[in-house]
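Chemist: Sequence:
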Amino acid sequence: MTTWEDMERANQAAQELDDLLCEKGVIMGDGTSLRKDGNTWMIEVSISKETDKLILPFLPQEYNGYRLTYKYGTRGKFA
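Position 10, counted from 1, in the sequence shown is what our numbering calls 1286; the numbers after and before it change by one each time, with no gaps.
Note that these hints are calculated values from the structure, not bench results. Since no wrong hints were added, every one of them can be taken at face value.
List of simulated lysine-lysine pairs, BS3-like, C-alpha gap at most 30 Å:
#1 Lys1325 x Lys1300
#2 Lys1347 x Lys1329
#3 Lys1325 x Lys1312
#4 Lys1300 x Lys1312
#5 Lys1347 x Lys1325
#6 Lys1312 x Lys1347
#7 Lys1329 x Lys1300
#8 Lys1312 x Lys1329
#9 Lys1300 x Lys1347
Restraint ranges, calculated between C-beta atoms of paired labels, are given here:
#10 Lys1347 x Gln1288: 19 to 29 Å
#11 Glu1326 x Asp1282: 26 to 36 Å
#12 Leu1332 x Thr1279: 25 to 35 Å
Note that the coordinates shown come from a computational prediction; the quantities given were computed from them, not determined experimentally. Cβ coordinates follow ideal geometry from the N, Cα and C atoms, glycine included.
Turn these sequences into a full structure, and let the hints guide you.
Modeler: The following block contains the structure:
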């Protein structure tokens, strides 16, 4: 797979993940973004500080083979 195909596949996974997390009650911050760590794409998820802290330990650490990282964003978006 080329780098472009890798990026498109990772971007599709990020969009699916955004929808999935909203369904689980996560209030998204600035959405999801892609980062490349060496040869591996990672999905960085921005969540609002308004998200219930009790669900944070239950958020997935991987999705469709991509490692996930979480950070707090500034704006809140409800699904």
